[in-house]
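J.: Work out the full structure: start from the sequences and follow the hints.
Residue numbers (my numbering), protein chains in the order written: chain V, 14 to 292; chain E, 379 to 838.
Worth flagging that the hints you see were computed from the coordinates, not collected in a lab. Careful, some of the hints might be misleading.
Derived coverage of chain E by chain V (criterion: at least 3 residues anywhere in the stretch with Cβ under 8 angstroms from a Cβ of chain V; other residues may be distant) [to be verified]:
1) 540–547
2) 574–583
3) 620–628
4) 642–656
Some chain E residues judged to face chain V by a derived CB distance under 10 angstroms, without partners named [stated by the list, open to error]:
5) Gly-603
6) Val-608
7) Phe-609
8) Phe-638
9) Lys-718
10) Thr-721
11) Lys-724
12) Val-758
13) Leu-767
In silico lysine to any residue, SDA-like type, Cα no more than 20 angstroms apart, as pairs [claimed, not checked]:
14) E:Lys-647 / V:Glu-273
15) E:Lys-718 / V:Asp-262
16) E:Lys-821 / E:Thr-420
17) E:Lys-417 / E:Asn-475
18) V:Lys-283 / E:Phe-638
19) E:Lys-724 / E:Gly-746
20) E:Lys-414 / E:Gly-425
21) E:Lys-647 / V:Arg-272
Glycine included, every Cβ here is placed at the ideal spot set by N, Cα and C.
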Amino acid sequence: MPDIVAKAQLSPNVTRLDVVAPRIAQIRQPGQFVIVHRADGAERIPLTIADADVRAGTIALVIQSVGKSTQELVALEPGEAIADIAGPLGNPTELIVSGRALCIGGGVGTAVVHPIAQGLHRRGVGVLSIIGGRSKEWVIFEAELGRLGEVNVCTDDGSYGRHGFVTDAAKDALSAGGIDIVYAVGPVPMMRAVVNLTKPLGVRTIVSLNPVMVDGTGMCGGCRVGVGGQTLFACVDGPEFDGHQVDFDLLMDRLSTYREFEQQALARCKDGICKIGLK
Amino acid sequence: MTEQEPLVRNANFEEVNLGLPEKVALLEAERCLLCKDPKCITGCPVGVNIPRFIELLSQGNLSEAAHCLLNDNALPAVTGRVCPQETQCEIECIRGNKGLPVAIGYLERYVGDWVRGHSSQQTLQLAAPSGRKVAVVGSGPGGLTAAGQLARCGHDVTVYEALHKPGGVLVYGIPEFRLPKKIVQEEVARLQQAGVKIVCNTVIGRTYTLPELREQFDAIFIANGAGLPVFMNVPGENFKGVYSANEYLTRVNLMAAYQFPRADTPVLKGQCIATVGGGNVAMDSARTAKRLGAESSMIVYRRTRKEMPARAEEVHHADEEGIQFEFLVAPVEVLGNEKKWVTGLKCVRMQLGEPDASGRARPIAIPGSEFVLPCDVVVVAVGTRANPLLTATCPDLKLNKWGNIVVDDQGMTSLPGVFAGGDIVRGAATVILAMGDGKRAAKAMDAYLRSAPLARSRTG
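T.: Here you go:
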């Protein structure tokens, strides 16, 4: 079972777990994810591989705890293990080979942008990152992205960096020119707003989609997304797509399928019935 | 066979068939005429020596009967439950000319279950280690069968499974009420005792490519199934409440969604479920829906009862459990409300025309016959296609136009030492056909391994 070797709280609800998975660490590419199954009876959830250390044989999982499954995952401590991790899954990011890229990360999406920026940097592509959060304590991966290029931070309340949304900063960066491609990962409304900015400018924009998944290998078709009028499976055809072609309304809607169940599970968890809480 | 009462069982996930009592099994075994030229064997995809095991059973010699059966069929407790015997062995039975054929499936299950209770008496006889390493991709019925045969031949076998539990379709697809998961676990444990290594969470095509496996192993058997669901391609198919049968059954079987919230994975239960399709997977879905508490669960099929590819027993059980059948009906649109939840299926009535390529009458839409079937969950069980993950990593592997792997009559692909079988070759078929492929390929692989120079030493 993959052991957890390190744990860090990155923001009030985002946790980083470094987990032993040597094969995945060795071959993972930007944009790829793993399916994590904490224990018998737990859900299978897709998580982007935010970073990897080939020598230590570990991968970094960055988890936003929003529901019962993610809460139980981040309650694990170093020395404990996750039952199952399968991957790397999904197609690697389409990376440009020269020029300048704008990487936009909102909230936990910043962790998904990080390996993309790593890949670009490795190829000699200039990276400008624009990342954001509600306030200073919600900004993650600033130092890591800072090692790969310039970083502009935005906060909704102005407590750190620029006061405003990442899209405001992105607008300025785009109008300054010289951006060959945009990678945007974050909440659906953020990705949609970025796409609305870049579409009229004709700047290619890659977004990473996070629909509900079960197996992650193409078997269930639960992760259906609309791209260019076609239905595709995010797990085998994505998870990254041309943002100008993505049906964000469909993504938003399908993400709400299990909301009632999630609330029920969470309420049970808060009542102390959930397994981890009993420890 | 004794069964749980229909109106009791359609509210639980316990097994429907309860097995034959000993006395009945022995009496039924005596009905076998022990034909000199047994036609039943030719009807069996794995060639079980049916008269022989039944004769040993009728003599009360369970240990020998089990030995005989296991020699031909690695998973008798599984096939005794899920094989379409009525179109394979039993249809060939001479007894069937006048009255009922011998209940070969029930007897196979009886002996298979005896094995489960007496595993210590049935250890696999293993040949001396051959020094050859073999990889099996997929731990479904085809992969497990091949793994067992190859281990018996003395080869060092590693099975790779993409999911977190071994068993493939036996675990994620076929419901507990038809095939208890405990049986699959026992069969897997028996293989592990014989030295077969099973590695889960490993997606060939992602975690390792096929060329990488070829460097590590002397021969490979690909049995990764037809793991890509086909949808109807009608408007509204992405509304909330439309599932592929794969997703619906995986949530309930593999992830135990019927136990939510004790298990974490949810499934939309719905009051009125429409399952589209007429195969075993459609029956499994419709019967699962009933057990999850649906008031009504219906099968929507574009041909008639006669053309349904499902096992006769599954259709019979579905009938008994109160599943409704809408025959000669084809969906043209999924309807939804303003919040994009499913509210119904818009359908057309069909009539049967001339036989098509499959030999079945071709359904033709009757113009102007549109009507609406109200429902709140739709399960699409109209088939699966080949999963491209593995084949995409190996462009040299010859595929047909549907993406299925092409094999010769020995089960070997266009790549030397790489064999394939089951749904990835056939498209969606049955457990027993996959097992037949596994058995045949294992025999050919053994011959290949004993004659060919080591592939590994060639590639260094």
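J.: Taking the hints in turn, state whether each one holds.
T.: We went through each hint and held it up to the structure:
Given as covered by chain V, the segment 540–547 of chain E passes the check, having 3 residues with a CB less than 8 angstroms from a CB of that chain where 3 are the minimum. Restraint check on the segment 574–583 of chain E versus chain V: 4 residues with Cβ-Cβ distances below 8 angstroms, three needed, restraint holds. Counting residues of the segment 620–628 of chain E whose CB lies closer than 8 angstroms to any CB of chain V gives 5, so the stated coverage by that chain holds, three being the minimum. Interface restraint, the segment 642–656 of chain E with chain V: holds (4 residues with C-beta to C-beta distance below 8 angstroms; minimum three).
Hint status for E:Gly-603: holds, given a least beta-carbon distance of 8 angstroms to chain V, under 10 angstroms. Because the closest C-beta pair between E:Val-608 and chain V is about 9 angstroms apart, less than 10 angstroms, the hint holds. With 10 angstroms as the threshold, the beta carbon of E:Phe-609 comes within range of chain V, its nearest partner Cβ sitting at about 7 angstroms, so the hint holds. About 7 angstroms separates the beta-carbon of E:Phe-638 from the nearest beta-carbon of chain V, less than 10 angstroms, and the hint is met.
At a threshold of 10 angstroms, the smallest CB-CB gap from E:Lys-718 to chain V is about 5 angstroms, leaving the interface hint in force. Interface hint status for E:Thr-721: violated, as the beta-carbon distance to the closest one in chain V is roughly 15 angstroms, over 10 angstroms. A cut of 10 angstroms between beta carbons decides the hint on E:Lys-724: the least distance to chain V is about 19 angstroms, and the hint is violated. A distance limit of 10 angstroms between C-beta atoms decides the matter here; for E:Val-758 the minimum to chain V is near 9 angstroms, and the interface restraint holds.
For E:Leu-767, the interface hint holds, the least distance from its beta-carbon to any beta-carbon of chain V being 6 angstroms, beneath 10 angstroms. Under the criterion of a C-alpha separation no larger than 20 angstroms, the hint pairing E:Lys-647 with V:Glu-273 is consistent with the structure, at around 12 angstroms. At most 20 angstroms may separate the alpha-carbon atoms for a hinted pair to count; E:Lys-718 and V:Asp-262 meet this at roughly 11 angstroms. Taken as a hint, the E:Lys-821 and E:Thr-420 pair is honoured in the structure, with Cα atoms around 18 angstroms apart against an allowance of 20 angstroms.
With a C-alpha separation of about 13 angstroms, the suggested pairing of E:Lys-417 with E:Asn-475 holds against the 20 angstroms cut-off. Taking the CA atoms of V:Lys-283 and E:Phe-638, the gap is about 16 angstroms. The hint holds against a cut of 20 angstroms. For the proposed pair E:Lys-724 and E:Gly-746, the alpha carbon gap of about 12 angstroms is at most 20 angstroms, so the pair holds. With a C-alpha separation of about 16 angstroms, the suggested pairing of E:Lys-414 with E:Gly-425 holds against the 20 angstroms cut-off.
With a C-alpha separation of about 14 angstroms, the suggested pair E:Lys-647 and V:Arg-272 falls inside the 20 angstroms cut-off, and the hint holds.
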